[in-house]
Amino acid sequence: MKIHQISLFAENKPGHIAAPVRLLEKEGIDIRALYLADTEQYGIVRMIVSDWRKAACILEAQGFVVKVTEVLAVEVLDHPGGLADVLEALDQTGINIEYMYAFPDVREGKAILIFRFADPDVAIMQLQLAGINLLASDELLKD
Amino acid sequence: MNSILEASAVDCHPASVPDYTPLSELRALQLRRLQAVVLRSWQQVKLFRLRMDERGLTPEDIRSLDDIAKLPFTVKSDLRDTYPFGLFASPMKDVVRLHASSGTTGKPIVVAYTQEDVDVWTSVLVRCLAGCGLHRGDIIQVAYGYGLFTGGLGAHYGAEELGATVVPASGGHADRQIMLMRDFGVTAMCCTPTYFLHLIERASELGVDMKELPLRAGIFGAEPWTESMRKHIQDSSGIEAFDIYGLSEIIGPGVGCECRQHQGLHIFEDHFYPEIIDPESGEPLPDGAEGELVLTTLSKQAMPMIRYRTRDITMILPDMCQCGRTLRRIGRIGRRSDDMLIIRGVNIFPSQVESALLQIEGTLPHYQILLTREHGLDQMEVQVEVTPQMFNDKIGALQELHQKLQGALDHVLGIRVRVALVEAHSIERSEGKAKRLIDRRTL
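Going down the list, the sequences are from chains A and B. Counting from 10, one number per residue, gives the positions in the first sequence under the numbering used here. Counting from -2, one number per residue, gives the positions in the second sequence under the numbering used here.
Honestly, the hints are just simulated from the structure, not real lab data. Cβ atoms here follow ideal geometry from the backbone N, Cα and C, with glycine treated the same way. Please note that the accuracy of each hint is not assured.
[To be verified] Label-pair distances were calculated between CB atoms; the ranges are: (1) A:Ser59 <-> B:Ala394: 49 to 59 Å; (2) B:Gly393 <-> A:Gly37: 52 to 62 Å; (3) A:His13 <-> B:Gly393: 15 to 25 Å; (4) A:Glu69 <-> B:Arg433: 34 to 44 Å; (5) B:Asp284 <-> A:Pro23: 50 to 60 Å; (6) A:Met109 <-> B:Arg433: 34 to 44 Å.
[Unchecked claim] DSS-like, lysine-lysine: derived pairs with alpha carbons at most 30 Å apart: (7) A:Lys35 <-> A:Lys11; (8) A:Lys63 <-> B:Lys391; (9) B:Lys391 <-> B:Lys401; (10) A:Lys119 <-> A:Lys11; (11) B:Lys391 <-> A:Lys119; (12) B:Lys391 <-> A:Lys151; (13) A:Lys76 <-> B:Lys43; (14) A:Lys35 <-> A:Lys76; (15) B:Lys90 <-> B:Lys43; (16) B:Lys391 <-> A:Lys11; (17) A:Lys76 <-> A:Lys119; (18) B:Lys43 <-> B:Lys67; (19) A:Lys22 <-> A:Lys151; (20) A:Lys63 <-> A:Lys35; (21) B:Lys401 <-> A:Lys76; (22) A:Lys35 <-> A:Lys22; (23) A:Lys22 <-> A:Lys76; (24) A:Lys119 <-> A:Lys63; (25) A:Lys35 <-> B:Lys391; (26) A:Lys119 <-> A:Lys151; (27) B:Lys104 <-> B:Lys432; (28) A:Lys76 <-> A:Lys63; (29) A:Lys11 <-> A:Lys76; (30) A:Lys22 <-> B:Lys401; (31) B:Lys104 <-> B:Lys43; (32) A:Lys63 <-> A:Lys11; (33) A:Lys22 <-> B:Lys391; (34) A:Lys151 <-> A:Lys35; (35) A:Lys22 <-> B:Lys432; (36) B:Lys391 <-> A:Lys76.
Let's have the full structure, built from the sequences with the hints guiding it.
In structure tokens:
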């Protein structure tokens, strides 16, 4: 159920996201999702890629500071209210979201929500109890 | 040589009389005072007694001024190691004032004054200001920080004793400083030279022409500055700029000051005995040779300093000044024999940055200190490479780290610096070692 996400530290300067992205492209690694959390000075690039082990390896070899974290993916119908339903259900469980982001799944007319929880294992149990459907890694990354 | 009478027509304050003491009389006075201060330190200061014992010396071994070379040096770390009161030679009941300056480990260096010390300090400041052509009737704005830093109060007492009107503006608030200068008809400023450069720029932005103001003199110190800065200051503000020298360990500002000849800084030798040594070997060097300035306080009661190594590189000028003072002069301080930086008048060692970073992380990340000058004001940025141990993929955690680093650096350095988190390997390394300091300060 857990998805491996790769995070990079990047200064908030021109070209500082392009470099690692190009590096992954050259190695044939597909970026399924990319999200940038930024401040005025620096940011964190979070990515879900087709092969996280290889990607982390390549980036670290090039001197990037990489962190691999476990996140959860939830699929919702891409229509009004779809997101709110999931978030309300999450509220009921009382577990705290450290951060989240969403992207559309163009093939299926659905949206995918990525959640980071302090304790993913507890979160999985709670979400399943709340009837929220979690995506497995291979489902998320399938072509 | 000018007589005292002729000279006093220029610098007419009674406190200035010792400036013109005949040389033989001055040397005799220095020897008497040196013998007294050595005896006093030997009796009262444990560390000094110990070092004298190690060398098999007693106060009786000081029979001439040249014998000073036998005495042990005192260094900045001695003040730190004996923090807070270990070098005091007076009981606390006789101490009327404590000042402190930043130290290398976050602990400040403490200095003490008896009433007599405060009076001496005041008198040398009067002699500085009188030597700059200031007198009763002048309005002197003191824009050095008031407080633990010796600059503000030192200049304040001297200016008041001179008989001038003092405007104790303290540091900061450039717009208010300029308003006071204009509205009060201030005739002289005491501040750091870079701060005055900032005031010049700000005044011009505010539409205030410094040349139109009654301001005619600036007494600038607490950091090294250059002849080209003097020229720039004088040309753009129409004032006469003087260099004043001092350090808290000795007394504060007023150890030495330029006279109107602007040919070096007269040391008030009746209270502070200057030597120049080779910073490597510690051997004394003759007048005219460049080396490290070493000062001995001849009259200080609460905290005498015997052969204090200032780390400032200069020389004692070999000839006498045209002004008629018999006090020897040192050249302007251009550099130091250690890696100390002076940022906005505050002493900073790069090692302080390291200790602050270590406090937070436990391991030392790659870092770089970047010095720039913006609007005439020194800026210090500490760039810290984010290591895998430091990196967390939550923005909140990174910001917390940023704030912790900021807090530790502010605390240890005593001034506000910028902290920048930068990418790993982004700091240039030469032969595997990062260059720790980039100084881009120009006039």
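Hint by hint, here is what the structure shows:
{"no.": "1", "hint": "A:Ser59 <-> B:Ala394: 49 to 59 Å", "result": "violated, 27 Å"}
{"no.": "2", "hint": "B:Gly393 <-> A:Gly37: 52 to 62 Å", "result": "violated, 34 Å"}
{"no.": "3", "hint": "A:His13 <-> B:Gly393: 15 to 25 Å", "result": "holds, 22 Å"}
{"no.": "4", "hint": "A:Glu69 <-> B:Arg433: 34 to 44 Å", "result": "violated, 26 Å"}
{"no.": "5", "hint": "B:Asp284 <-> A:Pro23: 50 to 60 Å", "result": "holds, 57 Å"}
{"no.": "6", "hint": "A:Met109 <-> B:Arg433: 34 to 44 Å", "result": "holds, 41 Å"}
{"no.": "7", "hint": "A:Lys35 <-> A:Lys11", "result": "holds, 27 Å"}
{"no.": "8", "hint": "A:Lys63 <-> B:Lys391", "result": "holds, 23 Å"}
{"no.": "9", "hint": "B:Lys391 <-> B:Lys401", "result": "holds, 16 Å"}
{"no.": "10", "hint": "A:Lys119 <-> A:Lys11", "result": "holds, 20 Å"}
{"no.": "11", "hint": "B:Lys391 <-> A:Lys119", "result": "holds, 27 Å"}
{"no.": "12", "hint": "B:Lys391 <-> A:Lys151", "result": "holds, 27 Å"}
{"no.": "13", "hint": "A:Lys76 <-> B:Lys43", "result": "violated, 55 Å"}
{"no.": "14", "hint": "A:Lys35 <-> A:Lys76", "result": "holds, 21 Å"}
{"no.": "15", "hint": "B:Lys90 <-> B:Lys43", "result": "holds, 19 Å"}
{"no.": "16", "hint": "B:Lys391 <-> A:Lys11", "result": "holds, 18 Å"}
{"no.": "17", "hint": "A:Lys76 <-> A:Lys119", "result": "holds, 28 Å"}
{"no.": "18", "hint": "B:Lys43 <-> B:Lys67", "result": "holds, 18 Å"}
{"no.": "19", "hint": "A:Lys22 <-> A:Lys151", "result": "violated, 33 Å"}
{"no.": "20", "hint": "A:Lys63 <-> A:Lys35", "result": "holds, 12 Å"}
{"no.": "21", "hint": "B:Lys401 <-> A:Lys76", "result": "holds, 21 Å"}
{"no.": "22", "hint": "A:Lys35 <-> A:Lys22", "result": "holds, 22 Å"}
{"no.": "23", "hint": "A:Lys22 <-> A:Lys76", "result": "holds, 20 Å"}
{"no.": "24", "hint": "A:Lys119 <-> A:Lys63", "result": "holds, 28 Å"}
{"no.": "25", "hint": "A:Lys35 <-> B:Lys391", "result": "holds, 28 Å"}
{"no.": "26", "hint": "A:Lys119 <-> A:Lys151", "result": "holds, 14 Å"}
{"no.": "27", "hint": "B:Lys104 <-> B:Lys432", "result": "holds, 27 Å"}
{"no.": "28", "hint": "A:Lys76 <-> A:Lys63", "result": "holds, 13 Å"}
{"no.": "29", "hint": "A:Lys11 <-> A:Lys76", "result": "holds, 15 Å"}
{"no.": "30", "hint": "A:Lys22 <-> B:Lys401", "result": "holds, 23 Å"}
{"no.": "31", "hint": "B:Lys104 <-> B:Lys43", "result": "holds, 21 Å"}
{"no.": "32", "hint": "A:Lys63 <-> A:Lys11", "result": "holds, 18 Å"}
{"no.": "33", "hint": "A:Lys22 <-> B:Lys391", "result": "holds, 19 Å"}
{"no.": "34", "hint": "A:Lys151 <-> A:Lys35", "result": "holds, 20 Å"}
{"no.": "35", "hint": "A:Lys22 <-> B:Lys432", "result": "holds, 22 Å"}
{"no.": "36", "hint": "B:Lys391 <-> A:Lys76", "result": "holds, 11 Å"}
Checked against the numbered hints above, the structure violates hints 1, 2, 4, 13 and 19; every other hint is satisfied.
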